[in-house]
Amino acid sequence: MPSKTALPASPKDPFKALGTTRLLNIHEIMVRARLLEERLIKMSKGGDGFFWIGGPGEEAFNVSLGLHVKKGRGVDYDFLHLHYRSSSIMLAMGAKPIDTLRQMRSVAGDPYSKGRQFVNHYAIPELNVPPVSPTIETQYVTAIGTGIAQARAKTDSVTIVNGGDGGTAEGDFHSCLVWANRPALPLPIVMIVVNNGWAISTKGSDQHGEKSVCDWAKVFPDMPGRTVDGNDVVASWAALDEAFSYARRNRRPYLLEARCSRLYGHSSSSGANRLPEVDCIARFEEQLAERGIAKADALKKVWEREAAALDEAHRAVKSETPPGDESIWEDVFVDPVPASYPTRGGR
Amino acid sequence: MANMAQAIRMALHYGEQKLGVKEVYGEDVGPPLGGVFTATQGVDCSWNSPLDERGIVGAAMGLAWAGSRPVAEVQFVDYIFNTIDLLKLAGNGHWASGGKFKTPLVIMTPTGSGIHGSMYHSHSFDSVATKLHGMKVVCPSTPIDAYGLMISAIKTDDPVLFLKPKALLRAKGEELIPGEPADEKTLKEMIDAPVGDRSKWKPKWPKLTDYSVEIGKAKVSHPGSDATVVTHGRLAPVCLDVARRFAAEGRGSVEVLDLRSLIPYDWEAIKASVKKTGRVIFVNEETEITNFGEHLIRRLVDEMFYELRVRPRLLAGKATPGIGLSPNLEYFTQPQTVDVERAVADLLADPA
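Line order of the protein sequences matches chains A and B. For reference, each letter of the first sequence is one residue, going 1 to 347 in this note's numbering. For reference, each letter of the second sequence is one residue, going 1 to 352 in this note's numbering.
Simulated from the structure, these hints should not be mistaken for lab results. One thing to keep in mind: the hints can contain errors.
Residues from chain A that keep clear of chain B, each with C-beta distances beyond 10 Å, as calculated [unchecked claim]:
1. D48
2. A235
3. E286
Each computed DSBU-like pair below joins lysine-lysine, with the alpha-carbon atoms no more than 30 Å apart [to be verified]:
4. K22(B) / K188(B)
5. K318(B) / K96(A)
6. K71(A) / K22(B)
Think of the CB as a built atom: it goes at the ideal place given N, C-alpha and C, for glycine as much as any other residue.
The following block holds chain B by itself, in its conformation from the complex (with noise of 0.2 Å):
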């Protein structure tokens, strides 16, 4: 199976040769390194640009009004904080122009924690995304969905932030990519760079279709009927296990609901999955201090609170200054395993 790193490189190549992208950049992006997580290794059009995420961002504005459908990387999350006015420009400028401009673009970034990535390795930029209205927001939790929410993101005519979960980009998925091979060590052969030498390597590419997950759907990754817990990025597949040892244990039928996209988001599905369980916890690695599962919170409390049988959770970072090195600091800060499953058990004892 593909890892994500892997899914988003076809989905590049893909957006390249079928999507009218015509630019794909960042620092460390081209050849030889194809971006520092390999997530753009051989894409054709891809560049190294200065050390300079405003030019990156103002650049990908540029193109986009020139209609070169570009796709940008900013190299961290945690580097994207200066460029924030200019996210806010691109995603405001089809409104402030009246309907005029439309800003196609994607800026690709890793987010998260969970690679002992220490205070500027560990971002998350959640709430700050969210903010950024005109602007959708994506993050994917598995190579599949990596692959379809990227060909979506370069398809749209909204500029689209990609939130990239550092610490899954090296995991591989479940389910295989349309024209993705069988075997993965094929796989690897044929669009993973050789280590050394690689000025005259070139990818062979498998035949790739068109496969879209649709911006603002959400996914049921574990169906249940007793709690739901509402996630993306790196804590899915967490809650994911979660949910299945539950199960297999007879704790509990857990719903985990991975959002997918975080806007426009899928009210509809979190209303659904709500009414069936009455009981939800919202998890996520932002730090609690106005976190994005906050927002979903209180707007569950105004429209269904009559239908909510315990209050509603946040499993969130907690809110200090950065992420420490140590793991006993990542650990106590972002939430972990033993931290969902302790939640988890809690919201289903919680007399109704």
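Same shape as in the complex, but just chain A (with noise of 0.2 Å):
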């Protein structure tokens, strides 16, 4: 078992170790997900859809952690239980921007919910992410079920489940780790809380005694639990790295708490706007040009390039229609409603 405080000191340059290739793929796929979410954010204010809420400022440690899952369906592929701030895990799997601008605007066409849900509710049964709820917490314990089914199966298949540092505090989080942590059944869980340091408005530090959230598990023997900076692309591969393959290999839980900046504040409902926070992708862009790996040149063409793209979505989707009234009646049951439901709202 790892030593429960920290990380093991790698022995190579960790740029080095993860590659040029590898490291392009992680800053497109950052500055896809940042230059999405600002612009689910000029939709938002600019009326061309509602509520907003999503994760610029996690995309160093999203994009990391989309870029570790094994991707498919059912018990074999990883589980992830995710929460509203994940559109740059979705991306990083393979997502595609177009489809997340559907459900801003709500149309017919928005794959995750038909243009019921909120932006940033993925549901996607091919990639094994169940419907993401904008209940607090609340995946913490569906994740166990999705955990025993894998702790059953011979696999090395994990459950991932993500959430806020605020929401530690509700009763599910701690359902996870004694499930997770069950003599009788330990679960293959990676269990991440992104600590931004708020809930909503209100400072985590007024509200939590404990000194870090990884300390929760050192009250189970065999669960690591470890902090890393989420603003740092290679703090956080590594970490992934080490609590992915710890659980894979170990069929056990691991707690990661990544500290990331909340570069927009809580949603719209809280104005939206920039905040003076560490910004993991100019800090990504300095460490790139450091180490001579790229240009600044090239790296603002990726800003140009995916801006471009995203236009170009932002234009189709606008044409697309809402949902018809009477699509309220789907999906109700796997079966279409009865004929003798009540369906006429007690008219």
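Fit chain to chain and form the complex, with the hints in mind.
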């Protein structure tokens, strides 16, 4: 079992270990994710959609996370129980920005919810991503179930669950810890908490006496708990390598806390204005330039290319139609609602 | 004849053998106890969970998404209130995901009064259960219906809340379950765990067959032409008994409709019976404020006002904060046989 306190020091330069192709791929997805979130904010403010909530500031950690996933459908692949700041994870797994724009505009062609859910509420059976819910922390108890199914199967797949630091006050976080560490059946769950220090407008430091979220793992003798600088790509990559390989190999849970910026506040309800916090993309670009991995011009071109692609997607979505009124009766049950089901709203 | 707990046990065994159920779990659900009402005794894939209802319900959702077709138990419905948001998520997952995610799970839980259960072992949950839209809700009143509804609940790809009337779990039925030995002592020897050391005990299951009761179909448990009683759960056998006595005593021909499913409910069966009798009473255990029966009455008034010969009625639990332990308190709070008898007599006597 690894040490419970510190990540093992990497013998090599982590940038070299990752390699140029991977680093530039991470950068490209981070840029795509940032531009998408900023576009969503603009749409929300401009009446081209309603509420916005998302994860700008979490790209370094979340893109790295998405690239660690064993993608596919069923128990032999990783399951992801996500919250609403997970767009970077989804883009890293291959989701298309245009589909998130569709959900923002709540059009009929929104592939995640048919115009029913807030933006960044993914539901992708092909990628083992069950419906993201606006309820706080419930994903930590649904994660138990896929974890049980994977613990029973002969597989190296794991369950990933993520949420924020504020949500760790909920009982569901602790349910996940207890169930994942049952001696009768330990579960291969990578429990992730992105700690941005805030729960909407409430400071975490006023509400949480525990020194660190990852300290919750200390209760369980065999559960590693680590904190990583989630604004740093290579640190995040190494921490995720460690967490995923531990859970895959040992079929046991791992708690990983990532300290990340919340660059645009909680949501559109708090204004969604840019805040003076560390920008993980700017930092990553400095690192890439310092090491001669990419020149500033080349990086700028990535922004331009991604912005152009997003413009085109946005134009396309603008002509898409909203869902029809009667579509509310689709999917209530797996089969159509019975003919005698009350459908008049009492009128 | 099997009792309802034995019937559920047999259905769960059929489910694990033939229908892909991989996990049956909850508090004290696995060996050695097999559930506080023994409804999971001897089931191979049963196991004990932590004492955590939210974990139980959340795990069921994850297991459903992973293809395990779980049947999870919340030990008493009185303990289910802290899981309501999770039950809502189970119910709305298919709709929220635009039809992408099915959540085939069964949450079973003993409901209602009748065992001197005091404030936290006597609750009913019907009105909340019927507002978890997307969730199917069933509540059998006989062992054979419990068997058939459990098999249907396991088979459907929708989430199902399976309410077990706790006062009826030990009650025997009037019909044999397909495959059940005719002699109940034989059944007991085959599938009831012995008292004492059970570590080496294994059940000998009868040759069970696929017997389904369609979710959404009511049953006319007693045909009649003068008045309709719509009921379910613990009060269904009470209403049946009253209808039989009225028939025997020449006091009126009372039709008893056992709903069996609350969501979706069998509106066509209710309409057909009321069309015939013009007199109807809804009898259930929930408190009277915002009662499921009230919804059915409102719909009848909307759709069949001119076919009602007298005002439709509700006989329900009294709207107190709880059900007291003293038998005086419980019997006064919850409808009993004498209340059903009086209410049906009034319904029949009401001048049209």
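Each hint, compared with the structure:
1. Non-interface call for D48(A) relative to chain B: holds, since the shortest CB-CB distance, roughly 21 Å, exceeds 10 Å.
2. Listed as a non-interface residue, A235(A) keeps its Cβ farther than 10 Å from every Cβ of chain B; the least gap is roughly 30 Å.
3. The Cβ of E286(A) lies farther than 10 Å from every Cβ of chain B, with a closest approach of about 40 Å, so its non-interface assignment holds.
4. A distance of roughly 25 Å separates the Cα atoms of K22(B) and K188(B); the hinted pair therefore holds under the 30 Å criterion.
5. About 55 Å separates the Cα atoms of K318(B) and K96(A), which puts this hinted pair outside 30 Å; it is violated.
6. Taking the CA atoms of K71(A) and K22(B), the gap is near 24 Å; set against the 30 Å cutoff, the hint holds.
In summary, the one numbered hint that this structure violates is 5.
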